[in-house]
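Q: Here is how the chains run, residue by residue.
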Amino acid sequence: MRAPGAGAGASLADITVQVSETLALIAAARDVTVGCSPKEPVWSCGKTTLYRYLPLAAVPRGRPVLICFALVNRPYVLDLQPERSLVRRLLEAGLEVYLIDWGEPDDADRHVDLEEYIEQHLGGSVRCIRSRHGGERLELLGVCQGGVLGLCYTALHPDAVAGLITLTTPVDFHTPENLLSKWVRGLDTALLESCGNVPGELLNGLFLALMPVRLTQQKYVRLLSSRPDQRAVEDFVRMEKWIFDTPPQSAAALAQFVRWFYQENRLMRDTLSIGGRRVSLRDIRQPLLNLYALEDHIVPAAASAVLAERIGSRDYTGCGIATGHIGMYVSRAAGAEVPRRIISWLAERS
Amino acid sequence: METPRTGTSFKPEEAYATAAERFFELMKTFGMAGGTSTDWKALAAPLATQFERWLQMSQAMTPWFSAAAPGPFGGASFGAPAAAAFGPLAFGPAAVSSAPPARTLELLGQLVRLQAELARHWSEIAGTAAQRFVARLGAAPAAPATPQQALQLYEIWVNCAEEAYAATVHREDFSRLQAELANTSAALLAEQRQQAESLVRALGLPARSELDGLYAQVKDLRRELAELMQSRGATAASGGAAPRPAAQRRAKPKRAPRARPRAGRRARGPKR
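Protein chains in written order, with this note's numbering: chain A, 595 to 944; chain B, 650 to 921.
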């Protein structure tokens with residue numbers, strides 16, 4: 595670096611101008627829309643709604659695909675905008691796509707537990723889709739925590755699921771790099787549950803605290819350094835909207851999830867029961883495609899990749915993709931690779 | 650198109666402006682505006698101080714930490730709105746004591762102790778980050794002169810800061826502290842709710858625990874209804890607890906069949 599002279603002050607002034615210009619672009623993008631593919635509600639249970647995306651192909655091909663997203667975030671990140679939409683790519687491939695939106699639990703839902711989510715909400719969605727498709731089995735695509743729910747459901751109801759796709763799905767919750775797991779290991783889950791539903795803001799804070807400088811500072815400074823145009827800023831704000839759009843969590847379900855998975859690692863230890871029925875990954879004999887992110891700070895790659903050793907299926911495909919957790923849904927590289935892998939995997943098995 | 654239910658956390662302009670402000674502060678510390686050569690070693694102390702201050706100001710990022718903030722009942726956490734309403738309980742029936750019970754005081758004291766412990770961690774992280782940064786830049790001759798150089802320097806700083814942060818927050822003692830903060834905040838909230846329940850009961854108003862008991866009963870009834878419907882083969886297509894197709898839900902509602910609790914089966918009470 596050269597010793598700065600009079601030019602240095604000018605440089606700082608340049609950056610100041612850049613900041614104010616970017617601020618104006620952010621303000622203009624504040625009301626940017628999210629979610630792009632038309633869909634219709636076809637079934638509901640409690641706060642959960644099952645949506646069917648309007649097919650793009652005149653004659654849909656293959657089995658219906660049901661997307662089961664995490665409870666902790668909103669699923670429209672999979673259909674954020676036309677060029678960043680896993681849903682859109684699946685529809686373009688001629689698939690019939692359904693999506694579960696868990697909605698926003700309120701106080702009346704504080705006792706909704708994992709059994710209810712899995713057996714009634716997810717199970718009810720599966721039954722609804724199968725009845726619409728002549729009893730045909732479906733392809734279940736579970737995302738993050740939704741992948742855990744999908745694994746549980748498939749183990750319990752093997753006859754309903756033809757194939758399972760898991761995306762950034764944790765299986766081993768005790769891998770050494772899992773910071774979230776370390777932090778919640780000592781939580782008193784009974785006390786947590788007695789406090790009622792957990793606000794979304796609290797979960798957001800927790801996720802940001804995993805890498806606070808990168809997630810609350812660096813990403814904004816990088817926006818500054820990239821000299822973004824209005825469109826780039828709109829893309830950025832779309833992501834911001836999604837990141838901070840976290841619904842509250844049902845007290846019972848969250849307490850169970852923390853205790854059974856994060857604290858007791860029941861999937862790995864093969865000690866999980868849902869509604870009195872044993873859930874064993876060995877009972878999953880369906881073809882399974884497991885996609886995980888190699889730079890994931892929320893679900894470390896090792897936490898996901900271990901699925902290969904645990905399931906009963908002989909048709910297992912695992913694939914690590916060089917991106918982060920959220921990058922799996924929206925980054926340009928993964929935005930092409932993830933749908934391509936899913937579509938070709940489904941086509942090979944249809 | 651979706652309608653995001655973004656809460657109070659979605660403030661992109663504010664977040665961006667805050668990050669930019671912190672960036673400028675760093676650049677000034679790096680000597681960018683001064684036009685002089687930089688003695689990196691001398692920067693360690695001010696850098697550490699700035700970072701420690703930032704960590705302390707960003708405590709809200711660690712969700713339960715805010716509940717540990719000084720003050721009678723903390724800030725936003727599990728039940729902020731309810732918690733904030735607990736200070737002035739001096740009115741109401743005489744049966745309700747207006748003095749904070751010993752348990753509440755004990756929990757508040759515990760929170761203060763945990764907060765002090767957390768502050769020590771912030772200090773350690775900040776010091777380590779600054780030392781790492783100085784060590785990494787030891788050979789660099791001068792302050793950044795161009796925006797590009799400034800941004801490169803910033804990236805190095807962020808790496809050092811995150812490495813130092815990770816080295817501490819992955820440790821068992823820090824993880825235990827995080828859990829203790831959460832558990833103490835939750836216990837405090839539970840204690841406050843208990844006090845509030847005493848008051849509302851004395852006023853003849855429904856209490857949280859009674860409402861929870863009703864929710865639990867409704868859930869049990871729904872489950873029984875679903876079991877009944879399944880046994881009659883009525884849920885093959887609709888599945889679950891009285892769910893109906895969305896289109897049908899918009900139609901004129903039919904009267905739901907009345908479910909009777911099974912003889913000898915008691916409705917579940919509150920989970921406390």
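Don't read these hints as lab results, they were simulated from the structure.
Positions of the beta carbon are idealized from the N, C-alpha and C atoms, including for glycine.
Keep in mind that the hints are not guaranteed to be accurate.
[Claimed, not checked] Footprint (simulated), chain B over chain A, 3 or more residues, beta carbon under 8 Å:
{"no.": "1", "segment": "817-830"}
{"no.": "2", "segment": "909-919"}
[Stated by the list, open to error] The calculated DMTMM-like cross-link candidates involving lysine to aspartate or glutamate, where the alpha carbons are at most 25 Å apart (straight line), are:
{"no.": "3", "chain 1": "B", "residue 1": "Lys660", "chain 2": "A", "residue 2": "Glu634"}
{"no.": "4", "chain 1": "A", "residue 1": "Lys813", "chain 2": "A", "residue 2": "Asp608"}
{"no.": "5", "chain 1": "A", "residue 1": "Lys813", "chain 2": "B", "residue 2": "Glu663"}
{"no.": "6", "chain 1": "B", "residue 1": "Lys690", "chain 2": "B", "residue 2": "Glu674"}
{"no.": "7", "chain 1": "A", "residue 1": "Lys813", "chain 2": "A", "residue 2": "Glu889"}
{"no.": "8", "chain 1": "A", "residue 1": "Lys813", "chain 2": "B", "residue 2": "Glu876"}
{"no.": "9", "chain 1": "A", "residue 1": "Lys813", "chain 2": "B", "residue 2": "Glu873"}
{"no.": "10", "chain 1": "A", "residue 1": "Lys813", "chain 2": "B", "residue 2": "Glu670"}
{"no.": "11", "chain 1": "B", "residue 1": "Lys660", "chain 2": "A", "residue 2": "Glu615"}
{"no.": "12", "chain 1": "B", "residue 1": "Lys677", "chain 2": "A", "residue 2": "Glu615"}
{"no.": "13", "chain 1": "A", "residue 1": "Lys641", "chain 2": "B", "residue 2": "Glu873"}
{"no.": "14", "chain 1": "B", "residue 1": "Lys660", "chain 2": "B", "residue 2": "Glu674"}
{"no.": "15", "chain 1": "A", "residue 1": "Lys813", "chain 2": "B", "residue 2": "Glu859"}
{"no.": "16", "chain 1": "A", "residue 1": "Lys641", "chain 2": "A", "residue 2": "Glu677"}
{"no.": "17", "chain 1": "A", "residue 1": "Lys813", "chain 2": "B", "residue 2": "Glu755"}
{"no.": "18", "chain 1": "B", "residue 1": "Lys660", "chain 2": "A", "residue 2": "Asp864"}
{"no.": "19", "chain 1": "A", "residue 1": "Lys641", "chain 2": "B", "residue 2": "Glu840"}
{"no.": "20", "chain 1": "B", "residue 1": "Lys677", "chain 2": "B", "residue 2": "Glu811"}
{"no.": "21", "chain 1": "B", "residue 1": "Lys660", "chain 2": "A", "residue 2": "Asp829"}
{"no.": "22", "chain 1": "A", "residue 1": "Lys641", "chain 2": "B", "residue 2": "Glu663"}
{"no.": "23", "chain 1": "A", "residue 1": "Lys813", "chain 2": "A", "residue 2": "Glu677"}
{"no.": "24", "chain 1": "B", "residue 1": "Lys660", "chain 2": "A", "residue 2": "Glu698"}
{"no.": "25", "chain 1": "A", "residue 1": "Lys641", "chain 2": "A", "residue 2": "Asp829"}
{"no.": "26", "chain 1": "B", "residue 1": "Lys677", "chain 2": "A", "residue 2": "Asp608"}
{"no.": "27", "chain 1": "A", "residue 1": "Lys641", "chain 2": "B", "residue 2": "Asp869"}
{"no.": "28", "chain 1": "B", "residue 1": "Lys660", "chain 2": "A", "residue 2": "Glu730"}
{"no.": "29", "chain 1": "A", "residue 1": "Lys813", "chain 2": "B", "residue 2": "Glu701"}
{"no.": "30", "chain 1": "B", "residue 1": "Lys660", "chain 2": "A", "residue 2": "Asp625"}
{"no.": "31", "chain 1": "A", "residue 1": "Lys813", "chain 2": "B", "residue 2": "Asp869"}
{"no.": "32", "chain 1": "B", "residue 1": "Lys660", "chain 2": "B", "residue 2": "Glu859"}
{"no.": "33", "chain 1": "B", "residue 1": "Lys677", "chain 2": "B", "residue 2": "Glu651"}
{"no.": "34", "chain 1": "A", "residue 1": "Lys641", "chain 2": "B", "residue 2": "Glu674"}
{"no.": "35", "chain 1": "A", "residue 1": "Lys813", "chain 2": "A", "residue 2": "Glu828"}
[Unchecked claim] Non-contacting residues of chain B with respect to chain A, defined by C-beta distances greater than 12 Å in every case (computed):
{"no.": "36", "residue": "Ala666"}
{"no.": "37", "residue": "Ala668"}
{"no.": "38", "residue": "Ala794"}
{"no.": "39", "residue": "Arg825"}
{"no.": "40", "residue": "Gln844"}
Q: Is Lys660(B) close enough to Glu730(A), meaning Cα to Cα at most 25 Å?
A: 45 Å, violated
Q: Take the C-alpha atoms of Lys813(A) and Glu677(A), compute the straight-line distance between them, and say whether it is at most 25 Å.
A: 21 Å, holds
Q: So if I understand the rule, the pair passes when the alpha-carbon distance is 25 Å or less; does Lys677(B) with Asp608(A) pass?
A: The hint holds at about 14 Å.
Q: When you check the alpha-carbon spacing of Lys677(B) and Glu651(B), does it fall within 25 Å?
A: The hint is violated at about 42 Å.
Q: Compare the distance between the alpha carbons of Lys660(B) and Glu634(A) with 25 Å, and conclude whether the hinted pair is satisfied.
A: 31 Å, violated
Q: Does Glu674(B) lie within 25 Å of Lys660(B) when you go C-alpha to C-alpha?
A: Since the Cα atoms of Lys660(B) and Glu674(B) sit roughly 21 Å apart, the hinted pair holds (cutoff 25 Å).
Q: Take the C-alpha atoms of Lys813(A) and Glu876(B), compute the straight-line distance between them, and say whether it is at most 25 Å.
A: Answer violated: Lys813(A) to Glu876(B) is near 51 Å, above 25 Å.
Q: Is the Cα-Cα distance between Lys660(B) and Asp829(A) 25 Å or less?
A: Holds, at about 15 Å.
Q: Run the distance test for Lys677(B) versus Glu811(B): straight-line Cα separation, threshold 25 Å.
A: With Cα atoms ~21 Å apart, Lys677(B) and Glu811(B) stay inside 25 Å; holds.
Q: Do three or more residues of the segment 909-919 of chain A come closer than 8 Å to chain B, measuring C-beta to C-beta?
A: violated (count 0)
Q: Does Glu615(A) sit within 25 Å of Lys660(B), going by the straight-line distance between their CA atoms?
A: This hinted pair holds, its Cα atoms lying about 17 Å apart.
Q: Lys641(A) and Glu873(B): Cα distance at most 25 Å?
A: 19 Å, holds
Comparing the model with each numbered hint stated earlier shows that hints 2, 3, 8, 9, 15, 16, 17, 18, 19, 22, 25, 28, 31, 32, 33, 34, 36, 37, 38, 39 do not hold.
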